[in-house]
Structures are given as structure tokens and as C-alpha cells.
Amino acid sequence: QQPVQSPQAVILREGEDAVINCSSSKALYSVHWYRQKHGEAPVFLMILLKGGEQKGHEKISASFNEKKQQSSLYLTASQLSYSGTYFCGTEDDYKLSFGAGTTVTVRA
Amino acid sequence: EAQVTQNPRYLITVTGKKLTVTCSQNMNHEYMSWYRQDPGLGLRQIYYSMNVEVTDKGDVPEGYKVSRKEKRNFPLILESPSPNQTSLYFCASSFKGHFTEAFFGQGTRLTVV
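These protein sequence lines are chains R and L, in that order.
In this text, residue positions in the first sequence follow this note's numbering: the first is 923, and each later residue adds one.
In this text, residue positions in the second sequence follow this note's numbering: the first is 31, and each later residue adds one.
These are calculated hints, taken from the structure and not from any lab test.
Treat the numbers as computed from the prediction; the structure is a model and nothing was measured.
Some hints could be false.
Said to hold, decoys possible - Once the Cα atoms are required to be at most 30 Å apart in a straight line, the calculated DSSO-like pairs of lysine-lysine come out as:
#, chain 1, residue 1, chain 2, residue 2
1, L, K95, R, K959
2, L, K48, R, K948
3, L, K87, R, K1017
4, L, K87, L, K101
5, L, K101, L, K126
Stated by the list, open to error - Computed far set for chain L versus chain R, every beta-carbon distance over 10 Å:
#, residue
6, A32
7, Y40
8, I42
9, V44
10, T45
11, N58
12, S63
13, L71
14, Q75
15, E83
16, S97
17, I107
18, P113
19, N114
20, T130
21, A132
The beta carbon of each residue, even a glycine, is placed where N, CA and C say it ideally should be.
Could you build all of it, start to finish, from the sequences and the hints given here?
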């Protein structure tokens, strides 16, 4: 079952912050985050494992709350290069299911 | 260079004509999978393989077949394509099935008319 992402889209000016949320109806042991730029393949950002560990990639960080079955991705001081569609992925046994994606547009 | 290679990148075919999309990885990964990407629906897993000769259904397996005879290759077969299989397809591989980064191929844009 696909996780649910929100919002569907967000528009930012350079330097602004944004949060993307990912939730699941099933118990989570890990959450993946990927970014896909237009016309390209998805690229790995980070994996968060059960335990609430926060991770970072450039000025992009994420948190994972397994009790609430949620993860959040934080885009801090956004740059033009952050534009793209962000997907969260959740593992269920050996299946990896992705959310519908959040399209982020960063404008100068 | 570590990579996942899909072929062809673009394909237009007619309803009912069998086709195969190839996927190959050079990273000695155990886990491989196929996804389709449609607007508003994100990436949906079609099939996955945990190792050679071990495959299982993802969320949307109907109308597709796969095989894993060698570790590096994981072809996607459409025995009788239909227009609703028009989509962007991605192959991905990872070291193992759990908690590891997935590497994606460049995608295959399939149009079935």
C-alpha cells in the first residue's frame, strides 16, 4: 500500500524553507527519500531507520516517527537545485512502495 | 561506472505485440525491481526479485512478467501490451532488499497504440 505524501506541490523562493510529510497506515521500519528532476531518474537522498534518527543531505534533513508511522523531509534555505519531485518510500517485507510525490519548485 | 542500464529508452508499439524491456546492473546487487510511473500516481512497483530465480509481485503486476536467470539481468516482459500500459518504466537495483539505497535506470517510455 502506497504511503501518503503532502503537500502535492509547493512553490518556494530561494532561501525559504519547506516541509514534506509522508505517512503510512502500516507499521514502518524504515523510510526512504528520493528526488527526481524533470526527465531524469529518481536519485537516493537518505534512508531513516526505526529509532527516530534524523539524517541529512546538504541542507535537506528528515525525521522519522515510527509510532506515528510518519516521516518528514525538511528543505532548509532552499536553493534552485532543490527543484524536483520528492518521493518517500516505505518497505513492507521486500516490497518498496512510493508515495505519489511532492513537486517542489524553487524560484529565484 | 556503477549503473543500471535499460533498453530501449523509447518504444512505440501496437496492442498485442509482445515486447521485452531489458535491465542490467553492474554492481552485483541482489535486489532488482521494476516500477511504472504515471502522473499523479508516483512510482508503483510491478515486480521485484530478491535474488536469482526468486521473484515476487509488487503492487501492480497484472499484464507483466519477469524472470531473473542471472544476477545482473532482470527483463520486463509484456506478453500482450494494452494502451493502459502506456507509461514510463524504471528498473532499479539495490545491494539487498532491506534498508539499502536503490539505483534507478534512466527509464523507458512506452507507448502502446
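Against the structure, the hints come out as follows:
Taking the CA atoms of K95(L) and K959(R), the gap is near 29 Å; set against the 30 Å cutoff, the hint holds. About 37 Å separates the Cα atoms of K48(L) and K948(R), which puts this hinted pair outside 30 Å; it is violated. A C-alpha spacing of about 9 Å is found between K87(L) and K1017(R), which places the hinted pair at or below 30 Å, so the restraint holds. For the proposed pair K87(L) and K101(L), the alpha carbon gap of about 18 Å is at most 30 Å, so the pair holds.
With a C-alpha separation of about 12 Å, the suggested pairing of K101(L) with K126(L) holds against the 30 Å cut-off. Residue-level check passed: A32(L) sits 12 Å from the nearest beta carbon of chain R, beyond 10 Å. A cut-off of 10 Å between C-beta atoms confirms that Y40(L) is not in contact with chain R; the least separation is 12 Å. With a least CB separation of 18 Å from chain R, I42(L) remains clear of the 10 Å interface cut-off, as annotated.
Residue placement check: V44(L) keeps its beta carbon more than 10 Å from all beta carbons of chain R (closest about 26 Å). Consistency note on T45(L): stated as away from chain R, and its beta-carbon is indeed over 10 Å from all of that chain's, at 27 Å minimum. Every C-beta of chain R lies more than 10 Å from that of N58(L), the closest at about 18 Å, which supports listing it as non-interface. Against the 10 Å criterion, S63(L) falls within the reach of chain R, whose nearest CB is about 7 Å from its own CB.
With a minimum CB-CB distance of about 6 Å to chain R, L71(L) fails to clear the 10 Å threshold, and the non-interface call is violated. Consistency note on Q75(L): stated as away from chain R, yet its beta-carbon is not over 10 Å from all of that chain's, at 6 Å minimum. With 10 Å as the threshold on Cβ separation, the claim that E83(L) sits away from chain R holds: the shortest Cβ distance comes to roughly 15 Å. The non-interface label for S97(L) is consistent with chain R: the shortest C-beta to C-beta separation is roughly 17 Å, beyond 10 Å.
Every beta carbon of chain R lies more than 10 Å from that of I107(L), the smallest distance being close to 20 Å; the non-interface claim holds. With a minimum CB-CB distance of about 22 Å to chain R, P113(L) clears the 10 Å threshold, and the non-interface call stands. With a closest Cβ-Cβ approach of about 18 Å to chain R, N114(L) is found to remain outside the 10 Å limit, as its non-interface label requires. Some Cβ of chain R comes within 10 Å of the Cβ of T130(L); the nearest lies about 8 Å off, and the non-interface call is violated.
A cut-off of 10 Å between C-beta atoms contradicts the statement that A132(L) is not in contact with chain R; the least separation is 6 Å.
Hints 2, 12, 13, 14, 20, 21 from the earlier list are contradicted by this structure; the remaining hints agree with it.
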